[in-house]
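Residue strings, one per chain:
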Amino acid sequence: MEDWGIKEISNLLRENKISSLEITTHYLQQIKQKNPEINAFITVDETRTLAQAKLADERIQKGEGDIFTGIPIAQTDIFCAEDWLTSCGSKMLHNFVAPYDATVVKQFNDVGAVNLGKTNMDEFAMGSSNETSYFGAVKNPWDLTRVPGGSSGGSAAAIAARMCPGATATDTGGSIRQPASLCGLTGLKPTYGLVSRYGMIAFASSLDQAGPMAKSSEDCAMMMNVMAGYDVKDSTSIDHKKEDYTKNIDQPIDGLKIGLPKEFFAEGLDHNVAKVIESAIDQYKKLGATIVDVSLPNTNLSIPVYYVLAPAEASSNLSRYDGVRFGYRTNQYDDLMDMYCKTRQEGFGDEVKRRILIGTYVLSAGYYDAYYLKAQQIRHLISEDFKKAFQVCDVIMGPTAPSTAFKANEKIDDPVTMYLQDIFTISTNLAGLPGMSIPAGSVNELPVGLQIIGNYFSEGLMLNVAHQFQKMTDWHKAVPQGLLS
Amino acid sequence: MSITHDEIKKIAHLARIKITEEEADATLKKLSGILNLIEDMKKVDTTNIAPMSHAQAVTQRLREDVVTEKNQREKLQKIAPEVSKGLYIVPQVIE
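Chains A and B, in that order, are what the protein sequence lines are.
If you read the first sequence in this note's numbering, its first letter stands for residue 1, the second for the next number, and so on.
If you read the second sequence in this note's numbering, its first letter stands for residue 1001, the second for the next number, and so on.
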């Protein structure tokens, strides 16, 4: 079978050259063959997946199909999917069979997409290496001794290993873009509020945003057409006019002003990664773009600010896991307090506990102003930096991650070093801006991602800018050695 | 800014997470590193800067007070650790 993308599969389905059952069976076989080694999926349910594919075929035959009908994709395990195990990578939810669908899952079901399964992730989306999952670490298909990035590492590894053509993912501080970068994929974190958070297990509610991950920008645009939209069930969903993200994807981009923030090319950036990014920028010049120097002076502060705000919000969000109404409960306890404390001691992994403790600390009496309030003020400054930059440019570009995929176990015992993985991605979450990563080259046969940051609701332009690059380059088509069969 | 062993135990209790003496020591080391990172914020003058709690300038929406969900007690309690006669069971709290 060819290495098709979502767009090609959609065309073949509509031309009756392939059935959903055939393409779905193909991916299920790929999963069976490759997943034991990669560990990208937590749950696969062939019977249910194939039933969805059959229904999709019937729908297409009746001429009732949508452009997405019959296309198999994977769902990250952070999304509740009715009657599917929804673990969020945690022991706390290792037995949680969701009683309802997240809006994103429902949106894909409604258009007749097929769910190939639930992908692995860092526990409660906390991590940059997919090593904190209760269901085991995910391996990078480009080099099995390396991490796929995180927290949406399962979705990234699944696509890179060709176990699915696209997958949903979520991004609180870089969790779509960094794994996309480390696995050679295209991933988009939309403007905060554009995709519904209903049924998406909360980590840091003011930063969490779901988006698509696929091989190409065109495929991400097609997924965005399904995912984006106002949802009354999400109190922070934004009533933004529905857009067709594929509509302007082919527009020429001459005259595009690209802002390069000097802070994104500073210390900490691997010099080989820097070279790849510079040559990608040169490609854009050939496409008619002009380069503008911009400054995001508070970039370095985005990490401290994030590690106050995200844990603070997490400590509140994760207080719901008490062993009473759903999920894990400890076996032995003396009284109610003991039950709470042991359930949470045993149900959460180390990184999640660390973040709950930091969050509890910064919100505790006497520290609120010094930490939480201060962080919110600097968040404002970071947001203002972007506002200024976008006065002189259309998009901002730079590296997605400071390095290529690192070795498993290399950073897991040193949280601070791990946190620095997100130095270039976190600021867009704090500002609520959309960010994207596209494959732009490689260093020692490991993929490098170029980050594209856009102004609020400029996803259409960003996908267009990414697509123009992908028309000129083949990096997004590169397949890890030995994996295409 | 340094944090003590006792403070770790106190916040762990506030967070309702049981923690052993050894775990508290290991956590102390890692949390100290993270808190040092956070200390960088102190260098910034934020006088008169408004705190930003949300990415978009939106206000909380209100809706009509009407029933939108149907009763799904059985379905929702099927996934609970312990239920009896439609109630969630926890250790006795009142003598």
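Calculated directly from the structure, the hints in this document are not laboratory data.
Careful: at least some of the hints might be erroneous.
[Said to hold, decoys possible] Residues from chain B that keep clear of chain A, each with C-beta distances beyond 10 Å, as calculated:
1) H1005
2) E1007
3) I1019
4) E1022
5) D1025
6) G1033
7) E1039
8) D1040
9) I1049
10) N1071
11) K1078
12) S1084
[Said to hold, decoys possible] In silico lysine-lysine, DSS-like type, Cα no more than 30 Å apart, as pairs:
13) K1009(B) - K342(A)
14) K242(A) - K7(A)
15) K285(A) - K62(A)
16) K1010(B) - K91(A)
17) K91(A) - K1085(B)
18) K411(A) - K1075(B)
19) K342(A) - K285(A)
20) K1075(B) - K342(A)
21) K471(A) - K275(A)
22) K1009(B) - K106(A)
23) K477(A) - K7(A)
24) K34(A) - K106(A)
25) K91(A) - K1043(B)
26) K407(A) - K1030(B)
27) K285(A) - K411(A)
28) K241(A) - K106(A)
29) K1075(B) - K91(A)
30) K1085(B) - K411(A)
31) K411(A) - K1010(B)
32) K342(A) - K1085(B)
33) K1070(B) - K233(A)
34) K387(A) - K286(A)
35) K388(A) - K1042(B)
36) K342(A) - K91(A)
37) K233(A) - K1009(B)
38) K388(A) - K262(A)
39) K1085(B) - K262(A)
40) K106(A) - K1075(B)
By construction, the Cβ of each residue, glycine as well, lies at the ideal position given by its N, Cα and C atoms.
Distance restraint between K471(A) and K275(A), which requires alpha-carbon spacing of 30 Å or less: Measuring from Cα to Cα gives roughly 21 Å; hence the hint holds.
Has the given pair, K91(A) with K1043(B), been kept, meaning a C-alpha gap of at most 30 Å? violated, 39 Å
Taking the shortest Cβ-to-Cβ distance between I1049(B) and chain A, state whether it exceeds 10 Å. Violated: least Cβ distance 4 Å, not greater than 10 Å.
Given the hinted pair K411(A) and K1075(B), is their Cα-Cα distance within 30 Å? Given that 30 Å is the threshold and the Cα spacing comes to 42 Å, the pair is violated.
Under the criterion that the straight-line Cα-Cα distance not exceed 30 Å, is the pair K342(A), K1085(B) satisfied? Roughly 26 Å separates the two Cα atoms, so the pair holds.
Straight-line alpha-carbon gap K388(A) to K1042(B), limit 30 Å: holds, 24 Å
Has the given pair, K241(A) with K106(A), been kept, meaning a C-alpha gap of at most 30 Å? Within the cut-off at roughly 20 Å; holds.
Check whether the Cα positions of K242(A) and K7(A) lie no farther apart than 30 Å. Holds: K242(A) and K7(A) sit about 20 Å apart, inside 30 Å.
Within a Cα-Cα threshold of 30 Å, do K1010(B) and K91(A) meet the stated pairing? holds, 24 Å
Hinted pair, alpha-carbon criterion (30 Å max): K1070(B), K233(A). Please report holds or violated. Between K1070(B) and K233(A) the Cα gap is close to 15 Å, so the pair holds against 30 Å.
Under the criterion that the straight-line Cα-Cα distance not exceed 30 Å, is the pair K411(A), K1010(B) satisfied? holds, 28 Å
Non-interface label on S1084(B), tested against every C-beta of chain A at 10 Å: Nearest chain A Cβ is 13 Å from S1084(B), so the label holds.
In this structure, the hints that do not hold are numbers 2, 3, 6, 7, 8, 9, 11, 15, 18, 19, 22, 25, 27, 30, 37 and 39, in rising order.
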